[in-house]
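S.K.: This is what each chain is made of:
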Amino acid sequence: MNLRKPLILTVVASALVGSLVMNGFSATAASVPGVSSTEIVLGMQLPQTGGASPGYNKIDDAARAYFDYVNSKGGVNGRSIKLVAKDDTYKAGVTITTARELINNDKIFAFFGSVGTQTHLSVVKDINRRGIPDILVNSGYSGFYTDPKKYPNSFGGLGTYTVEAKILGKYLKEKYADKKIGILYQSDDFGRNALAGLTAAGLKFEAKKTAASFVSGTHGSIGLGTQIGQLKANGVEVVIIAAVSSATAVAYATAAALAYKPTKWAVMSVGADSTTFQTILGARGTPLATSAALLAGTISASHIPAAGDADDEFVKAFKKINTDFNKGPDKTWDFNVLHGMNIAYIATSALMGTGKDLTRAKLVSYMEKNGAKLSNAAFSPLGYSASTHEAFTGFWLGEYDASLLLKPLDGKRVVYTTDSGSGLVTVSNYQRPAIAADALPKVA
Amino acid sequence: MDSFLTAFFSGTSQGAIYALVSLGLVLVWRGAGVVNFAQMGQAMFTTYIASQLIQNDYSYWSAFVIALVSGAILGAIVDLGLMRPLTSRKNSQLLNSQSMRTTIPVIASLGILGVLKAVAGILWAGEERGFPSPIAANALTIGDTTLAITGFDLFVIGVVFVTLVLTTIFFTRTGMGLAMRASALNPEVTRLSGIRVGSVRTLSWAISGTASSLAGLLVTPKTNLSPNTLDLLLIVGFTAAVVGGLNSLAGSVLGGFIVGYVIAFVNVYSAPENVFLAILVFLLLALFIRPQGILGSKEVRRV
Amino acid sequence: MSKVKTHKVIGARSTRLAIIFFIFILLLSMQFDPYNQYQLANISTLLIAVLSITLLTGASGQISLGQGAIMAVGGYSSALLVTKLGLSMWIAFVLAIFVSALFGLFLGLAAARLSGPYLAGTTLVMALAIPSVAIRFESLFGGDIGFTVDYGYPPNWLTNLIGEISIEEWSLYVALPFAALSLFAVLNLSNTRSGRTWRAVRDNEVAAALAGINIARTKVIAFVCASALAGLAGAIYGFRGLVGPSVYSTDLSLLLLTAAVIGGLRSIGGAIFGTFVIVFLPDVIERITKALALPETISNYLPALLIGFLLLLTVIFNPRGSAGALEHIRHARHSHKH
Chain A
0 MNLRKPLILT VVASALVGSL VMNGFSATAA SVPGVSSTEI VLGMQLPQTG GASPGYNKID
60 DAARAYFDYV NSKGGVNGRS IKLVAKDDTY KAGVTITTAR ELINNDKIFA FFGSVGTQTH
120 LSVVKDINRR GIPDILVNSG YSGFYTDPKK YPNSFGGLGT YTVEAKILGK YLKEKYADKK
180 IGILYQSDDF GRNALAGLTA AGLKFEAKKT AASFVSGTHG SIGLGTQIGQ LKANGVEVVI
240 IAAVSSATAV AYATAAALAY KPTKWAVMSV GADSTTFQTI LGARGTPLAT SAALLAGTIS
300 ASHIPAAGDA DDEFVKAFKK INTDFNKGPD KTWDFNVLHG MNIAYIATSA LMGTGKDLTR
360 AKLVSYMEKN GAKLSNAAFS PLGYSASTHE AFTGFWLGEY DASLLLKPLD GKRVVYTTDS
420 GSGLVTVSNY QRPAIAADAL PKVA
Chain B
0 MDSFLTAFFS GTSQGAIYAL VSLGLVLVWR GAGVVNFAQM GQAMFTTYIA SQLIQNDYSY
60 WSAFVIALVS GAILGAIVDL GLMRPLTSRK NSQLLNSQSM RTTIPVIASL GILGVLKAVA
120 GILWAGEERG FPSPIAANAL TIGDTTLAIT GFDLFVIGVV FVTLVLTTIF FTRTGMGLAM
180 RASALNPEVT RLSGIRVGSV RTLSWAISGT ASSLAGLLVT PKTNLSPNTL DLLLIVGFTA
240 AVVGGLNSLA GSVLGGFIVG YVIAFVNVYS APENVFLAIL VFLLLALFIR PQGILGSKEV
300 RRV
Chain C
0 MSKVKTHKVI GARSTRLAII FFIFILLLSM QFDPYNQYQL ANISTLLIAV LSITLLTGAS
60 GQISLGQGAI MAVGGYSSAL LVTKLGLSMW IAFVLAIFVS ALFGLFLGLA AARLSGPYLA
120 GTTLVMALAI PSVAIRFESL FGGDIGFTVD YGYPPNWLTN LIGEISIEEW SLYVALPFAA
180 LSLFAVLNLS NTRSGRTWRA VRDNEVAAAL AGINIARTKV IAFVCASALA GLAGAIYGFR
240 GLVGPSVYST DLSLLLLTAA VIGGLRSIGG AIFGTFVIVF LPDVIERITK ALALPETISN
300 YLPALLIGFL LLLTVIFNPR GSAGALEHIR HARHSHKH
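Residue numbers (numbering that gives the first Met the number 0), protein chains in the order written: chain A, 0 to 443; chain B, 0 to 302; chain C, 0 to 337.
Bear in mind the hints are in silico, worked out from the structure with no lab data behind them. Some hints could be false.
[As the list claims (entries may be wrong)] Stretch by stretch, here's where chain B covers chain A in the computed footprint (C-beta under 8 Å, at least three residues):
#, region
1, 37–51
2, 207–218
3, 224–232
4, 247–254
5, 280–289
[Claimed, not checked] Only pairs whose alpha carbons sit at most 25 Å apart, straight line, appear in this in silico SDA-like list of lysine to any residue:
#, chain 1, residue 1, chain 2, residue 2
6, A, K318, A, D333
7, A, K208, B, F7
8, A, K326, C, I297
9, A, K208, B, Y260
10, A, K85, C, E168
11, C, K289, C, F308
12, A, K178, A, K406
13, A, K106, C, V283
14, A, K85, C, L293
15, A, K149, C, G151
16, A, K207, C, V132
17, A, K81, C, L291
18, A, K124, A, D105
19, A, K81, C, I287
20, A, K149, C, T82
21, A, K260, B, G150
22, A, K406, A, W332
23, A, K106, A, T145
24, A, K81, C, K289
25, A, K148, C, Y152
Nothing here was measured: the structure is a model prediction, and the numbers come from that model. Note that beta-carbon positions come from the ideal geometry of N, C-alpha and C, so glycine has one too.
Could you build all of it, start to finish, from the sequences and the hints given here?
M.R.: This is how it looks when you write it as structure tokens:
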């Protein structure tokens, strides 16, 4: 076996590949990476393809639409905002590479709205050690936010799963005290955090009886027949679902097939995306009216208004911007689009507030000191402080009506607030400030 | 008792699907001596074709038939375009090696899988979608008790047995079928006896393509369709085929149901997190205790 | 090239080639911007894993679709040693080699009885099962959160010696020496008697057995060596940021196999070439799709599509990979031998 010649060829070939790959990255050594006199570059990592992409793959386009709107109005302190999104296919091994690409090639100023817990875990340490701001992370995993000494630059962009579960759990425990309450959850950080939150609220589940779990991702191949059968066999009357939306759809369809009709379904907001729900069941041949009837009556929670709440002033303003500025492949108005625009709105406020003299350290410091004051579409204040970087601290509970609009429970929106620790669930008296007529944040 | 029934019915209905996957694997193994790792990729692709047709207002059954036919065509293309040129390279130094003759087709089928997934992603995006079932999926009732099994599940079980009977008759009663068995066992001798080994092999790829397409059409009504969701079924189907016997049609169906029960009972009595480990352990046990499979015959096993 | 060689001479040749590789990558990195320096670190890391396939499949004829799972064994053992026992990363990497070799021993004992499609299927099942072990035994392996680990900071003596070192350069300096050592080890192995024994078993088991070779033992040894390499690669790969189930996916296993096949399953130079292709191809494609302004729906799937096609074209037209093409040209001049 003579190895020399292949090796020499390899040397030549790889040098060739190398010269192909690298072309003119002449670093125009700006004092602050990603900030020039005319532009601020933000980077986002999210699954644009693959099993985890549905729904989430609209967030970058929605956020970009809002930034483009801001740019059309003159930008932030004279600078326009550019959002570079990278597809990490929801695989942590890929995220590490796309993050390096954003940092080194796209020379981003900050990470913004990165989607996913496991994927973000693979880069969060690196991002923080480089001192890059990591704002509005789209993960409800509280581990990113509750210890700012560990990850000083990371700030949440979702309410944590624990907060939502504590609020949902408290309500269900009181309202359905005489009913048997069970749970279907995916056995990952999301499902487990939800379970912990519900348990903290005083609900009790029994494994293999009222608690059914599945390995996340397997609902699409193995199905949820045994899990739903188990809940039915144990006479569970109120079913809580902590799973992604496509699994929620499979769960409902399986229950219908098995003639299992719990008194109440309650779905954690991650899995309650009615668009995904109806799309999946629609392709299954379920008429829209039937799938709507299945989901109607389901309890869910939200930190922002329902996407279908046509009277809400934030919804009105964002919806118009979506129509005019969204250039994504699918710009159908829904929760993910509304949420994407809202975090872009918050990011814009923070950049405005940090001021003309923008640096990474200044943005982080501004987020920590003043972030809690930034108003947005949410009905609860942001939780940012020196002791925690959790975002939305409150949720309101609602019920889907026949047109799949999430309507506040009992006709009146009550916002509950709590923390990811052992804090009590209390009713919030926060009044959301109005959106300005030009839909731009006004920062003092 | 309720848990037991839940596991039993769930195992039966899932087992029928696994049996179909496993049957598809055995068909190609018997006909061409290849384990086709692209099989569920082909199933996924043809199910998408059916889904697309249904969205374009074709009736379910016409989409169903077109999907089965495209499954056969896809299978034949894989053989004619890839497997045949591969095995005909007798002068290749690499393929002269015993182990490489079985390894290279496996790698080739993985290439097919990658390409099919990427093309499906481009054509239909990666989003999960549902797929209709031909008959209403409503639970059966006996008196007042609702059973954890639906009319659709019974339909699937029926389809599995009809497929098993048809393929068995084909292999044991028709000249073509006998030729297929012979060609897989000993291509050289078969060729010398005047049988056109090539077309026999292509036919077995086509039949297997149809069977896997059928599996795709029948599993997705209970789960979701996406470029990746059927991957896991290949693993399960492979385990079923090994358990039942890679060269036995009836064995593959039996294996499918056995693995269906293993998964369902582990799910109910242990934990879903243990399912993959259980499959691995079960597969290893099967390989060591009865490597030729329950109904497989020893002499043709090429392990 | 004469078949009769003393080990000493072979050792010298392997040393020379490993040093050439080391210096070449180092020189290349000096021409590169930070991102591509990081990609070179990736190449160094993945090369070790691809070499494990070259060894296992190319030299001993056993196929594995589960190298990612063995990488996970290396990754988890090193992460546990660092986070639970507080060992240094370097010691953990070395111990990870032993843990994975031990794992490979058990795997090899099972695999020696299997071949071809049976082995492929079983290792694929393993690739799916091993990450779910992390979720099953959450208290030990951290569930799907895993362990956030990294290479840390470069030691002072190094920065004093060569000046400030970026994070990208440091990851290359961590991975590259291991890659060169692995290259050295594999070059040596394939040229010694055991390498020839492996090839004999690969090409014809019956003939090898008649020649007095212990088939099962040979196969197990190949598995142990390949697992040691894969485990090392897994440890370095995990310390890029996270040791967790989604890092060691089946996609990774299949990508590594693709690299080995494209380059040429039997060639070590081919393994290097194949690794360059799988690491840099997505970047090249991204440039092209950007230039052509292709829609997101196409560009996102294009790398997977092209890599799949490349794999197919390789097995159809040139099953021996890019290295095989070279051999072919050489055969015009030299007599056929193997």
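S.K.: So, for every hint listed, does it hold in this structure?
M.R.: The hints, checked one at a time:
Judged by the Cβ-Cβ criterion of 8 Å, the region 37–51 of chain A is covered by chain B as claimed, because 3 of its residues qualify and three suffice. Residues of the region 207–218 of chain A with a Cβ under 8 Å from some Cβ of chain B number 6, which satisfies the need for three, so the listed coverage holds. Residues of the region 224–232 of chain A lying with their CB closer than 8 Å to a CB of chain B number 7, which satisfies the three-residue condition for coverage. Coverage of the region 247–254 of chain A by chain B holds. Counting CB-CB distances below 8 Å, 4 residues qualify, and the rule asks for three or more.
For the region 280–289 of chain A, the assignment as covered by chain B holds, since 6 residues bring a beta-carbon within under 8 Å of that chain's beta-carbons and 3 suffice. At most 25 Å may separate the alpha-carbon atoms for a hinted pair to count; K318(A) and D333(A) meet this at roughly 9 Å. Taking the CA atoms of K208(A) and F7(B), the gap is about 17 Å. The hint holds against a cut of 25 Å. Only pairs whose Cα atoms come within 25 Å are accepted, and K326(A) paired with I297(C) is accepted, the gap being roughly 16 Å.
Proximity of K208(A) to Y260(B) is assessed by CA-CA distance (about 19 Å); at most 25 Å being required, the pair is judged to hold. A threshold of 25 Å between alpha carbons decides the hint, and for K85(A) with E168(C) the separation of about 23 Å falls inside it, so the pair holds. Taking the CA atoms of K289(C) and F308(C), the gap is about 21 Å. The hint holds against a cut of 25 Å. The hinted pair formed by K178(A) and K406(A) meets the criterion: a straight-line CA distance of about 23 Å does not exceed 25 Å.
Restraint check for K106(A) and V283(C): the C-alpha separation of about 19 Å stays at or below 25 Å, so the hint holds. This hinted pair checks out: K85(A) and L293(C) have alpha carbons roughly 15 Å apart, not beyond 25 Å. Pair hint K149(A) plus G151(C) holds up; C-alpha atoms about 15 Å apart against a cutoff of 25 Å. Note on K207(A) and V132(C): the hinted pairing holds, with a Cα-Cα distance of about 20 Å set against a maximum of 25 Å.
Between K81(A) and L291(C) the CA atoms are separated by roughly 20 Å; this keeps the pair inside 25 Å, and the hint holds. Restraint check for K124(A) and D105(A): the C-alpha separation of about 20 Å stays at or below 25 Å, so the hint holds. A hinted pair counts as satisfied when its Cα atoms are at most 25 Å apart, and K81(A) with I287(C) qualifies at roughly 21 Å. A threshold of 25 Å between alpha carbons decides the hint, and for K149(A) with T82(C) the separation of about 15 Å falls inside it, so the pair holds.
Among the hinted pairs, K260(A) with G150(B) is consistent with the structure: their alpha-carbon atoms are about 18 Å apart, no more than 25 Å. Between K406(A) and W332(A) the alpha-carbon distance is near 18 Å, which keeps this suggested pair within the 25 Å criterion. The straight-line distance between the Cα atoms of K106(A) and T145(A) is roughly 28 Å, outside the 25 Å bound, and the hint therefore fails. Only pairs whose Cα atoms come within 25 Å are accepted, and K81(A) paired with K289(C) is accepted, the gap being roughly 16 Å.
With a CA separation close to 19 Å, the supplied pair K148(A) and Y152(C) stays within the 25 Å bound.
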